[in-house]
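> So the chains spell out like this:
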Amino acid sequence: MSGPAVRNDRPMAAALLHVAVVLVFVALQYVLPDYHRAVFSRVLVLAVFAMGYNLAFGYTGLLSLGHAMFFCAGLYGAGMTMSMLGWNVAAGLVAGIVCGAALALVIGLLALRTTGVAFMIVTLMFAQVLYLVILYFNEYTGGDQGFSLRPAARQLGPFDLTDPTTRYFAALALFAAALAVTLAIVRSPRGRVLVAIRENEDRVRMLGYNVFAAKLAAVVLSGALCAAAGATYAILFGYVGATFATIQYSILPLLWVLLGGAATALGPLVGTLFMYYVVDITSNYTTAYLLFVGVALILLVLYFPKGVLGTVRERWLPWLP
Amino acid sequence: MAAVTPLLETRGLSRSFGGLKAVDRVDFTLQPGEIRAIIGPNGAGKTTFVSLVCGRFPPSAGKVIFDGEDITALPAHRRVRKGIAYTFQITSIFSRLTVFDNVALSVQRALLSGGGLATASLKRGAIEALERTGLADRAHETAGNLAYGHQRLLEVAMGLALRPRLLIFDEPTQGLSDGEIEGFVTLVRQIAQDATVLLIEHNMPLVMALAQTITVFERGSILAEGTPSEIRDDRAVQDAYLGASADDD
Amino acid sequence: MAFGPHLLLAVLEGLVSSAVLALTALGLSLVFGVMRIVNVAHGEFFMLGAVFAWWFSTMVAGDPALGFLLALVLAPLVVGAIALVAERLVLRRLNYDPEATIVATIGMLYIFEQLALMFYGPEARAVPAPFDFRITLPWFGYSAYKLAIIAASILVMLATWFVLTRTRIGLVMRATQYDRETAQAFGIPVDRVYAGVFALGAMLAAIAAVLIVPIQQAHYLMGTDPLLLSFIVVIIGGLGSLRGTVVAAVLIGLSDGIIAVFFSPTLAKMLATLFVALVLVFRPQGLFGTTAR
Chain A
154 MSGPAVRNDR PMAAALLHVA VVLVFVALQY VLPDYHRAVF SRVLVLAVFA
204 MGYNLAFGYT GLLSLGHAMF FCAGLYGAGM TMSMLGWNVA AGLVAGIVCG
254 AALALVIGLL ALRTTGVAFM IVTLMFAQVL YLVILYFNEY TGGDQGFSLR
304 PAARQLGPFD LTDPTTRYFA ALALFAAALA VTLAIVRSPR GRVLVAIREN
354 EDRVRMLGYN VFAAKLAAVV LSGALCAAAG ATYAILFGYV GATFATIQYS
404 ILPLLWVLLG GAATALGPLV GTLFMYYVVD ITSNYTTAYL LFVGVALILL
454 VLYFPKGVLG TVRERWLPWL P
Chain B
4 MAAVTPLLET RGLSRSFGGL KAVDRVDFTL QPGEIRAIIG PNGAGKTTFV
54 SLVCGRFPPS AGKVIFDGED ITALPAHRRV RKGIAYTFQI TSIFSRLTVF
104 DNVALSVQRA LLSGGGLATA SLKRGAIEAL ERTGLADRAH ETAGNLAYGH
154 QRLLEVAMGL ALRPRLLIFD EPTQGLSDGE IEGFVTLVRQ IAQDATVLLI
204 EHNMPLVMAL AQTITVFERG SILAEGTPSE IRDDRAVQDA YLGASADDD
Chain C
17 MAFGPHLLLA VLEGLVSSAV LALTALGLSL VFGVMRIVNV AHGEFFMLGA
67 VFAWWFSTMV AGDPALGFLL ALVLAPLVVG AIALVAERLV LRRLNYDPEA
117 TIVATIGMLY IFEQLALMFY GPEARAVPAP FDFRITLPWF GYSAYKLAII
167 AASILVMLAT WFVLTRTRIG LVMRATQYDR ETAQAFGIPV DRVYAGVFAL
217 GAMLAAIAAV LIVPIQQAHY LMGTDPLLLS FIVVIIGGLG SLRGTVVAAV
267 LIGLSDGIIA VFFSPTLAKM LATLFVALVL VFRPQGLFGT TAR
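Chains as they are written, first to last, in my numbering: chain A, 154 to 474; chain B, 4 to 252; chain C, 17 to 309.
Derived by calculation from the structure, the hints in this document are not laboratory data.
Everything numeric in this text was worked out from a predicted model, so none of it was measured.
Among the hints, erroneous ones may be present.
Said to hold, decoys possible - Below, in silico cross-link-like pairs of lysine to any residue (SDA-like), each with a Cα-Cα straight-line distance of 25 angstroms or less: (1) Lys66(B) x Gly36(B); (2) Lys66(B) x Ala142(B); (3) Lys66(B) x Asp355(A); (4) Lys126(B) x Arg163(A); (5) Lys85(B) x Leu179(B); (6) Lys126(B) x Arg266(A); (7) Lys126(B) x Ala142(B); (8) Lys85(B) x Pro471(A); (9) Lys126(B) x Asn353(A); (10) Lys85(B) x Arg163(A); (11) Lys126(B) x Ser98(B); (12) Lys85(B) x Arg358(A); (13) Lys126(B) x Ser236(A); (14) Lys126(B) x Arg343(A); (15) Lys66(B) x Asn363(A); (16) Lys126(B) x Asn437(A); (17) Lys85(B) x Glu354(A); (18) Lys24(B) x Val7(B); (19) Lys24(B) x Gly36(B); (20) Lys126(B) x Glu352(A).
Said to hold, decoys possible - With the C-beta cut set under 7 angstroms, the calculated list includes, among others, these residues of chain A facing chain B: (21) Ala305; (22) Ala349; (23) Arg358.
Just so it is clear, CB atoms sit at the ideal spot from N, CA and C, and this is done for glycine as well.
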């Protein structure tokens, strides 16, 4: 299930590749038609959600089925402080990330007592609890309907985040930051420990590492990244709703990561982009577009468990981070 | 002798699984700098005993004292940081990581305890451990692709790189060729210059050649303890073990 | 209505949901117990059971009992066959790896749900009950059909229990559950046992669904709630323990019914889910102390 290992280092090549990817996205802003530019803005933010998930699942081997709760912690943490307390964009973003990290800390302390299948079910249930909490306190959260953020609240200094171009660059900035964070973590000695935990937990313990603490740190970081994506989503697109707390939004990052390649830095982006367009195109023809999500999941685990970039790394580019 | 604090001491150490007493009230002392071998028939409780020492599971009763400090309540990873390293009986390397990464995990643990983690010293430490075990030129291979003998050596390198004060080997030469065993003997002698070695071993000639003291386990207790020649001449040991397993291996 | 009769009504309603839940959860528990996998698509077998029940019941005109009986026989068989095919095509090829299986059954969940949407549509449709007289109690009238559901559920569970404990098939299943390798060594066709158990689990969910469609309409999204509730039941009862599953189903079904009468259902679900998650964290062997075998 889990992705391939960290292989030979080619730090320069890896760094150049990632800078190039970001530059390509900068250039795309000037080429893409409006519709696709809007899609890309959304995909970049959701890719950060997947990157957060990848940190726990791909690198550390923690298969969670409840990461929607961390995305929502950011979404509601930013959305509610901004709409109800009148906080500005920067404070809202920080509030969202703090909410996500705090929730991840609590969930991690509880759920990491379990492993394997029990961990999957426990995380799924905690996420479901948060979903029901959002519905139950609909007075504040807007329940199923959700709520919108006023355009006036979505200004950061001189930048108007409701403007499509500014929004695209804001999404890209978040993506670049998340990419830098991911790379810094997974290429550090600490990141090596996370991968080792995925491979053989007992051996890591007998090398003198506190496995529980390392896993907890991974969950908190993962939760914070997902929350950053959620908070940014609220700020850039101005909508906060319970849909994002449903089980489906815990499954999607798993799908994106599996498709793009678990434990690859760019895999989440590849997976998110591809799946977004598959759903986008098929939903023009049928209301049952989730059918393709299901088929993709099964085909992936059966024939393509390493994903796109995982396979590329295995065959051609062993230095790919 | 009495003036030296033993490096490792167990008092009344016991562990039962269900009704079975795998380790039964063992009092054991190990002096710093020793090479000690633990021998005994299968199921005598040797692996359980060393697992209790390094904390892989808790004892049912008794104490483990390391360098004068009671470590019975410490979790395994804290004991490793105190200087107890354990190499697994079944090769337990990270087979999908590179050889370098495997050893680097140990080196960075040692460096973290020492306070500083610089990339240069990490690299130097890893290369050094690999050179001592003769694996330096394979640093960038995937560990799982190594030959079995090399995988065992990697396991040893991982233990070494922790810079332990006590290095426990659980049947290190199982499945190795004669040439590889010879290399292992040399390696252990080197290691013993700055660490204490405790090894569980079935290969009697190797034990006789290497160990200064031998402890014989039977049914969860210590049956005898002494120098190799004392053990060879011990009647009870011959009955319980040596005679029985002479044509075994 | 006074408190007493109100409570009686709540208990009766709770028993009906217990009966259906016990059957569904029994299927999930059986699959988990023997095959050691978590089937996330279990709720969809329930949904398919209901949808096929509607389809079969509309094929015969005249007496509603006839259509219902046809559905009761054919819907579980069709669902069992679908499960069998899914098991052969997907799960066996994954070698029942627990994590890969969960991802794959999530995929199945979407496929079944969306196929139902495409071919059955978004409407909710009821199947007429085979009979509809009401038993008159001093305080209110109560549907005899609902009582029949409870009886039918008990019958099916007894039959399952009989098969598991008193027949050769059951012995083979228990041996496989106890130790897969040893069972294989003794010449038990583990592969076929797994396929059979998976189909049987799906059929139990389908039977439960056929029983419920006369009082709760068939809809392509109806699988979610039974799935979550079955999870709850199986976890509370102890993963893989059949007796625990039945006890927990009655407990959850009753409390769900009773709580729903007095509290907001969202609050009830929220607290129940939280409670179950904490049970799994702190008492993974379930509330009733039986260690999962």
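> So which of those numbered hints doesn't the model satisfy?
2, 5, 6, 8, 10, 13, 16, 18, 19, 21
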